[in-house]
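As you go down the protein sequences, you meet chains B and E in turn. Sequential numbering of the first sequence, starting at 1, is according to this note's numbering. Sequential numbering of the second sequence, starting at 1, is according to this note's numbering.
Be careful, since some hints might not be right.
[Claimed, not checked] Simulated restraints on C-beta separations: (1) E403/B x T58/E: 29 to 37 Å; (2) A339/B x R194/E: 55 to 63 Å; (3) G267/B x T20/E: 42 to 50 Å; (4) E22/E x E218/B: 38 to 46 Å; (5) V341/B x E85/E: 45 to 53 Å.
[Said to hold, decoys possible] Derived coverage of chain E by chain B (criterion: at least 3 residues anywhere in the stretch with Cβ under 8 Å from a Cβ of chain B; other residues may be distant): (6) 171 to 179; (7) 199 to 207.
[Stated by the list, open to error] Partial list, computed: chain B residues near chain E (C-beta under 8 Å): (8) L25; (9) A164; (10) L211.
Quick caveat, the hints were computed from the structure, so don't treat them as lab data. Where is the CB? At the ideal position from N, CA and C, for every residue including glycine.
There are 2 protein chains.
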Amino acid sequence: MLSVDEARAEIRALVRPLATVEVPLGEAWEQVLAGDIASDIDSPPHDKSMVDGYALRTADLRGDATELVVIEEVLAGRVPTRTVERGTTTRIMTGAPVPLGADAVVMVEQSTLTPGTDPPRVTLQVPSAQIGQNIMPRGQSLRPGTLVLRAGATIRADDVGVLAEVGRATVPVVRRPIVAILSTGDELVSGAERPGPGQIRNSNGPMLAALVRQAGGEPAEQPIVRDELPALQAAVARGLEADVLVLSGGVSAGVADLVPGVLAEAGVRQVFHKVHLRPGKPLWFGVAPRADANLPPRLVFGLPGNPVSSLVCFELFVRPALSVLRGAAYQGLEADRGAMVAEFQHRGERPTYYPARVATGARGELPRITLLSWQGSADLATLAQANALAHFPPGTRSYVAGEEVEFLWL
Amino acid sequence: MLSVDEARAEIRALVRPLATVEVPLGEAWEQVLAGDIASDIDSPPHDKSMVDGYALRTADLRGDATELVVIEEVLAGRVPTRTVERGTTTRIMTGAPVPLGADAVVMVEQSTLTPGTDPPRVTLQVPSAQIGQNIMPRGQSLRPGTLVLRAGATIRADDVGVLAEVGRATVPVVRRPIVAILSTGDELVSGAERPGPGQIRNSNGPMLAALVRQAGGEPAEQPIVRDELPALQAAVARGLEADVLVLSGGVSAGVADLVPGVLAEAGVRQVFHKVHLRPGKPLWFGVAPRADANLPPRLVFGLPGNPVSSLVCFELFVRPALSVLRGAAYQGLEADRGAMVAEFQHRGERPTYYPARVATGARGELPRITLLSWQGSADLATLAQANALAHFPPGTRSYVAGEEVEFLWL
Numbered sequence: 001m002l003s004v005d006e007a008r009a010e011i012r013a014l015v016r017p018l019a020t021v022e023v024p025l026g027e028a029w030e031q032v033l034a035g036d037i038a039s040d041i042d043s044p045p046h047d048k049s050m051v052d053g054y055a056l057r058t059a060d061l062r063g064d065a066t067e068l069v070v071i072e073e074v075l076a077g078r079v080p081t082r083t084v085e086r087g088t089t090t091r092i093m094t095g096a097p098v099p100l101g102a103d104a105v106v107m108v109e110q111s112t113l114t115p116g117t118d119p120p121r122v123t124l125q126v127p128s129a130q131i132g133q134n135i136m137p138r139g140q141s142l143r144p145g146t147l148v149l150r151a152g153a154t155i156r157a158d159d160v161g162v163l164a165e166v167g168r169a170t171v172p173v174v175r176r177p178i179v180a181i182l183s184t185g186d187e188l189v190s191g192a193e194r195p196g197p198g199q200i201r202n203s204n205g206p207m208l209a210a211l212v213r214q215a216g217g218e219p220a221e222q223p224i225v226r227d228e229l230p231a232l233q234a235a236v237a238r239g240l241e242a243d244v245l246v247l248s249g250g251v252s253a254g255v256a257d258l259v260p261g262v263l264a265e266a267g268v269r270q271v272f273h274k275v276h277l278r279p280g281k282p283l284w285f286g287v288a289p290r291a292d293a294n295l296p297p298r299l300v301f302g303l304p305g306n307p308v309s310s311l312v313c314f315e316l317f318v319r320p321a322l323s324v325l326r327g328a329a330y331q332g333l334e335a336d337r338g339a340m341v342a343e344f345q346h347r348g349e350r351p352t353y354y355p356a357r358v359a360t361g362a363r364g365e366l367p368r369i370t371l372l373s374w375q376g377s378a379d380l381a382t383l384a385q386a387n388a389l390a391h392f393p394p395g396t397r398s399y400v401a402g403e404e405v406e407f408l409w410l
Numbered sequence: 001m002l003s004v005d006e007a008r009a010e011i012r013a014l015v016r017p018l019a020t021v022e023v024p025l026g027e028a029w030e031q032v033l034a035g036d037i038a039s040d041i042d043s044p045p046h047d048k049s050m051v052d053g054y055a056l057r058t059a060d061l062r063g064d065a066t067e068l069v070v071i072e073e074v075l076a077g078r079v080p081t082r083t084v085e086r087g088t089t090t091r092i093m094t095g096a097p098v099p100l101g102a103d104a105v106v107m108v109e110q111s112t113l114t115p116g117t118d119p120p121r122v123t124l125q126v127p128s129a130q131i132g133q134n135i136m137p138r139g140q141s142l143r144p145g146t147l148v149l150r151a152g153a154t155i156r157a158d159d160v161g162v163l164a165e166v167g168r169a170t171v172p173v174v175r176r177p178i179v180a181i182l183s184t185g186d187e188l189v190s191g192a193e194r195p196g197p198g199q200i201r202n203s204n205g206p207m208l209a210a211l212v213r214q215a216g217g218e219p220a221e222q223p224i225v226r227d228e229l230p231a232l233q234a235a236v237a238r239g240l241e242a243d244v245l246v247l248s249g250g251v252s253a254g255v256a257d258l259v260p261g262v263l264a265e266a267g268v269r270q271v272f273h274k275v276h277l278r279p280g281k282p283l284w285f286g287v288a289p290r291a292d293a294n295l296p297p298r299l300v301f302g303l304p305g306n307p308v309s310s311l312v313c314f315e316l317f318v319r320p321a322l323s324v325l326r327g328a329a330y331q332g333l334e335a336d337r338g339a340m341v342a343e344f345q346h347r348g349e350r351p352t353y354y355p356a357r358v359a360t361g362a363r364g365e366l367p368r369i370t371l372l373s374w375q376g377s378a379d380l381a382t383l384a385q386a387n388a389l390a391h392f393p394p395g396t397r398s399y400v401a402g403e404e405v406e407f408l409w410l
């Protein structure tokens, strides 16, 4: 049986980013850039005033106050038409181009207009100004060709601003993976139904759909499938139209666990079945080649039907694969280390991921890990109180209160 | 002029959650619950087997191995029809109801079927079993009426699973705020255009739309509006159909800054104009009552036109307001403390938020803050490299390398 690391290596070796698509800038947020982005312009596009004020020649300033003739007013979006010469100044708005001849801008707060003169006159209450004061030179922030964002970056809100600045009405991103979600089991009814004897509602399907969305994929939740060959075969065929097929249930050793056989018949090659892990041991993984052999194969994950097992397998195996498919690095949940609040006896030869509540401590202190009472791997109500999965390596041993262990932030 | 805290208190006093709507479970992820959610069922719905195995009477186990008659096989989704009596056992799948008479389940891995007998017989290689072993009692996780999620919780992926389990095909959530975004300025052209002399591309509109989406709102980006009264009046009237109107530009003291007047004419009551802050001093905030006075007023934010100023004002003032509108607590970006990598001279009487790159240090060490070269408040290219805003209180003074300051994670 594979270890968690071995299983992850098998998956990693088979997963590659999906194709590049061009999306409107308004849809680019949180997608992954598929190419480097360079500026097509100077930014600022001109020597730019950084304040509302008066553009002038610093050499003209004398004494504590200097009166100058206002020859022009330049609003934002307009360009100066006159050169600032000795004894003159141009009224200028924040962002507007600095006129020829001027070498500084004095803030409007330091000026007083002389009443009733034509042309207008202004007195500037400053003894001197530095050359370049309140002026941002053309191209200081960006030059044509300056690299602003790199391929592989997840596009943040401020990146959207930069992309707009450098003229990207559309952006090349890696296509989001479409993930078919198929919940199997004769015992399942939908959330809208009231379970009869022996039945439970399908919680895995909706939970996995939300996890896929959170991981940047597009979930396509399929109707519940019974443990019957023809229904399962048809559902698997439909699910294999997606980039990833995630099944939940039907992969244990039980009599009704038909999934592995049906997948094999559908041309899915089994890469592994079962992982040395608790919960989540029955995990099944395979790949289905596409008609175009240049394209990466479709991925098929058979997750155990218990919600906690399903979540653990999604986080350890499916999330990092989706990350690569959508163009980012191979990465799952963030790992951290914390201190156990109470003692804990770990039993068994499988590494365990245990739902836990982690509280961040005072500065310099480790986060504190409280294990949640866990009634078998099917207890969703416990999971909803968890914000982490505590990780215990294989081997029976006691952990004392205060002992340091690894955990994953949910 | 108001301080940042005073301005935030003014906003906070005027903002209330929007109305409750019922959304399909598939759309509930990341929305905020508008009511407490209780279970409508027992979970598990029956005494449930936690493994694939044999349900039996513990009193029957003797010696190292016991042979029992298999009277029935219960698949998932089925219910037992026979009572387990002395000397008999029922084959049972994970999740299936435990038959009457049985008080434990032994794992299938500890069993061997006797070949060729009818009825079938199985030998269990266990000397004994505890009463209740591998059985999760009915209702142990949830009872009807058990509170599973509270109003005000942001719905996570595992919560979606719980909501499905307790029968919620639809979920009451607080409506997402619709946020109209209006970029004003004669100097602006769209990202698809090449700027002429004196022009720049509109980067604020797309950036603010992405920030709104990230904050859980629904952005409605309007076309660029020129600094002309009729165009601005029409655009403001349209924008006031949204829950929040965010304008960028047009609120400074410049000649063309027409926004405050147009808003007053449109019935928006100014709450404050200008905040003791750098960048972001020109911020304008007002409210417009709705026809139904029971509903919270529409909010109007006039942000400065410079992208960095705009971002700082969004994070300090708009994000927390959106958080309340959508039903969550009043909260903005996460604050933290870090150590300055290099010395820094802070000047002026306004608190400053400075784009910075923060690296998390080794355990027990503070995160390290590197201030980014910041060419006036308009430099988006710098902002795109920032992952934090370092915060300096008012007052001219030197910060030495290693000194501790507050920052906000972007």
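Evaluation of the provided hints:
1. E403/B x T58/E: 29 to 37 Å: With a Cβ separation near 35 Å, E403/B and T58/E satisfy 29 to 37 Å, so the hint holds.
2. A339/B x R194/E: 55 to 63 Å: holds, 58 Å
3. G267/B x T20/E: 42 to 50 Å: holds, 48 Å
4. E22/E x E218/B: 38 to 46 Å: The hinted range 38 to 46 Å is violated for E22/E and E218/B, with Cβ atoms some 24 Å apart.
5. V341/B x E85/E: 45 to 53 Å: holds, 46 Å
6. 171 to 179: Since three or more residues must qualify, the claim that chain B covers the segment 171 to 179 of chain E is violated, with 0 doing so at under 8 Å.
7. 199 to 207: holds (count 9)
8. L25: Hint holds; L25/B Cβ to chain E Cβ min 5 Å, cut 8 Å.
9. A164: holds, 4 Å
10. L211: Hint on L211/B: holds, closest Cβ of chain E at ~4 Å, below 8 Å.
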